[in-house]
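Novice: Residue numbers (numbering that gives the first Met the number 0), protein chains in the order written: chain P, 0 to 192; chain D, 0 to 205.
No lab work stands behind these hints, which were simulated from the structure alone. We put the CB at the ideal spot given by N, CA and C, even for glycine. It cannot be assumed that every hint is accurate.
Simulated pairs of lysine to aspartate or glutamate, EDC-like, Cα-Cα distance not exceeding 16 Å [stated by the list, open to error]:
id, chain 1, residue 1, chain 2, residue 2
1, D, K152, D, E89
2, D, K152, D, D135
3, P, K153, P, E57
4, P, K78, D, E89
5, P, K78, D, D124
6, D, K1, D, E89
7, D, K152, D, E75
8, P, K78, D, E100
9, P, K153, P, E8
10, P, K151, P, D17
11, P, K78, D, E29
12, D, K1, D, E29
Between beta-carbon pairs, the in silico distance windows are [unchecked claim]:
id, chain 1, residue 1, chain 2, residue 2, range
13, P, F109, D, S104, 50 to 58 Å
14, D, G49, P, A188, 46 to 54 Å
15, P, A188, D, Q146, 14 to 22 Å
16, P, D50, D, L140, 54 to 62 Å
17, P, D50, D, G132, 52 to 60 Å
18, P, S62, D, L156, 48 to 56 Å
Partial selection, computed: residues in chain P whose CB lies under 10 Å from chain D [as the list claims (entries may be wrong)]:
id, residue
19, M45
20, Y49
21, D50
22, F54
23, K78
24, P81
25, P91
26, P93
27, T111
28, Y112
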Amino acid sequence: MGLEGHLGEGYLTTRAADFLNWARKNSLWPLAFGTACCAIELMSTMVARYDLARFGAEVVRFSPRQSDLLIVGGRVVAKMMPVLQTVYRQMPEPKWVISMGACASSGGVFDTYAVIQGVDQFLPVDVYIPGCPPRPEGLLEAVMRIQEQIEKEKFGDYHKDKAEPIASAPGDGRAGRSELQQRWAERRAEVDR
Amino acid sequence: MKEHRAEEIVGRIRQAVPHGVRDWRLHRGELTIVAERRLILEVLRALRDGAGLGFNFPVDVAGVDYLKHPHPPFAERFAISYHLLSWASEERVRVQAPVPEDDASVPSVTALWSLANWTEREIYDLFGIHFEGHPDLRRILMWEGFQSHPLRKDYPLKGLGERSNFDRVADDFPQAAESRRLQTSPVDQKLDESVGRKLDERKANG
Chain P
0 MGLEGHLGEG YLTTRAADFL NWARKNSLWP LAFGTACCAI ELMSTMVARY DLARFGAEVV
60 RFSPRQSDLL IVGGRVVAKM MPVLQTVYRQ MPEPKWVISM GACASSGGVF DTYAVIQGVD
120 QFLPVDVYIP GCPPRPEGLL EAVMRIQEQI EKEKFGDYHK DKAEPIASAP GDGRAGRSEL
180 QQRWAERRAE VDR
Chain D
0 MKEHRAEEIV GRIRQAVPHG VRDWRLHRGE LTIVAERRLI LEVLRALRDG AGLGFNFPVD
60 VAGVDYLKHP HPPFAERFAI SYHLLSWASE ERVRVQAPVP EDDASVPSVT ALWSLANWTE
120 REIYDLFGIH FEGHPDLRRI LMWEGFQSHP LRKDYPLKGL GERSNFDRVA DDFPQAAESR
180 RLQTSPVDQK LDESVGRKLD ERKANG
């Protein structure tokens, strides 16, 4: 075909985006943000029986600067959320996020004052895995979904967090603390009566 | 612990600190001494250093909130429980110091046991009880800037919105719009609805 005829053997022509996507999807570098039992399933996904290396994602680094796939496994408490956001911001573009298990996706059974009710409120999540904890097959499926997503990426898709982080301000839809406190106090007063 | 031993311990403390012991009880071999909080240091020092006592190890210092308790042991809302162990005799004793709500403060026992430092910080963090003379009374579990004391019984389990009061890393991801729309989680909204229903029923019944 055309160009290859001129180049001779040892060359392959393709579109640059496809080539980059192919390289990226087969060499994901996960960052395991494991805070609970999901991390155990994550570990078992890495070892010989399930072997995430088959999908090119075996090099788990606990360094955000060298990762492009954030796996949030386990409940995230309010004290941990700024850390998780910092980790996410430190990861180089392009990057993807898996929310693994019920706790990371929705808070799970931990519907308390300290536990974040779904990290997707504050982070862009690409794939959710249900389960408590999900089996390794679930995580494998999620990585394959991420790979499918990477295949469809185009140049310019990679700047998911280019917008400035926004601060909570009155009127942006999120109730301020005093507002919430007042609401609870009114509720309580009415119920007590 | 046998009855006569408990009486002996309480007798010795009453001797050392005349007004220190308000009450005591022995339940299933466990001795609980209710002490006056203003004299708690003297009572604990007597338990630690008194002849024939030697309760030298503070296993735990804990806080209790008796708000809406069906059978509160005393009129005060809070209590600090000191769990002591004697390494020599392997006896245990529990000392309770009732703390009223309007003056929620207790003398710190860090002067007796530096072990109490972190447990007292935990009680301060979760119950909002102040420890006078504590060398470093800061929050230990909740983060800086947290305002409430979550183990108080009148603090709602789901909090006052602290868990949803974070900046988003970006404003242009699909879930951000959803999280903007939901001020609270759907579970909270359901709870609000059920509370609202109960209120309506009560109003209907007069």
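Novice: Decide, hint by hint, whether the structure agrees.
Specialist: Status of the hints after comparison with the structure:
1. Between D:K152 and D:E89, the direct Cα distance comes to roughly 34 Å. Violation of the 16 Å bound is thereby established for this hinted pair.
2. In summary, the hint linking D:K152 to D:D135 is not supported, as the alpha carbons are separated by about 26 Å, beyond the 16 Å threshold.
3. For the hint linking P:K153 to P:E57, the alpha-carbon distance of about 25 Å lies beyond 16 Å, and the restraint is violated.
4. A C-alpha spacing of about 39 Å is found between P:K78 and D:E89, which places the hinted pair above 16 Å, so the restraint is violated.
5. A C-alpha spacing of about 14 Å is found between P:K78 and D:D124, which places the hinted pair at or below 16 Å, so the restraint holds.
6. Restraint check for D:K1 and D:E89: satisfied, since their Cα atoms lie roughly 13 Å apart, inside the 16 Å limit.
7. Between D:K152 and D:E75, the direct Cα distance comes to roughly 14 Å. Compliance with the 16 Å bound is thereby established for this hinted pair.
8. Taken as a hint, the P:K78 and D:E100 pair is broken in the structure, with Cα atoms around 28 Å apart against an allowance of 16 Å.
9. A C-alpha spacing of about 29 Å is found between P:K153 and P:E8, which places the hinted pair above 16 Å, so the restraint is violated.
10. Of the supplied pair hints, the one linking P:K151 and P:D17 holds, its CA atoms being roughly 8 Å apart against a limit of 16 Å.
11. Restraint check: the Cα-Cα separation between P:K78 and D:E29 comes to about 38 Å, which exceeds 16 Å; the hinted pair is violated.
12. Pair hint D:K1 plus D:E29 holds up; C-alpha atoms about 9 Å apart against a cutoff of 16 Å.
13. For P:F109 paired with D:S104, a C-beta distance near 32 Å fails the hint of 50 to 58 Å.
14. Distance hint check for D:G49 and P:A188: the Cβ-Cβ separation is about 49 Å, which falls inside the suggested range of 46 to 54 Å.
15. Roughly 19 Å separates the CB atoms of P:A188 and D:Q146, a value that falls within the hinted 14 to 22 Å.
16. The given range of 54 to 62 Å is broken by P:D50 and D:L140, whose C-beta atoms sit roughly 39 Å from each other.
17. As the Cβ distance of P:D50 to D:G132 is approximately 59 Å, the hint placing it in 52 to 60 Å holds.
18. Taking the beta carbon of each, P:S62 and D:L156 are about 37 Å apart, not inside 48 to 56 Å as hinted.
19. This hint is violated: P:M45 has a C-beta 27 Å from the nearest C-beta of chain D, more than the 10 Å allowed.
20. Residue-level restraint check for P:Y49 is violated (minimum Cβ-Cβ distance to chain D is 29 Å; threshold 10 Å).
21. Using the Cβ-Cβ criterion of 10 Å, the hint placing P:D50 at the interface with chain D is not satisfied: the shortest such distance is roughly 31 Å.
22. The closest approach between the C-beta of P:F54 and any C-beta of chain D is roughly 25 Å, which is over the 10 Å cut-off, so the hint fails.
23. Residue-level restraint check for P:K78 holds (minimum Cβ-Cβ distance to chain D is 5 Å; threshold 10 Å).
24. Annotation: interface hint on P:P81 holds; nearest CB of chain D at approximately 7 Å, less than 10 Å.
25. With 10 Å as the threshold, the beta carbon of P:P91 stays out of range of chain D, its nearest partner Cβ sitting at about 14 Å, so the hint is violated.
26. With 10 Å as the threshold, the beta carbon of P:P93 stays out of range of chain D, its nearest partner Cβ sitting at about 14 Å, so the hint is violated.
27. Look at P:T111: its Cβ gets to within about 6 Å of chain D, closer than 10 Å, so that hint holds up.
28. Annotation: P:Y112 was flagged as interfacial toward chain D, and the flag holds, the nearest CB pair being 3 Å apart, inside 10 Å.
Consistency with the previously given hints fails for numbers 1, 2, 3, 4, 8, 9, 11, 13, 16, 18, 19, 20, 21, 22, 25, 26, ordered from lowest to highest.
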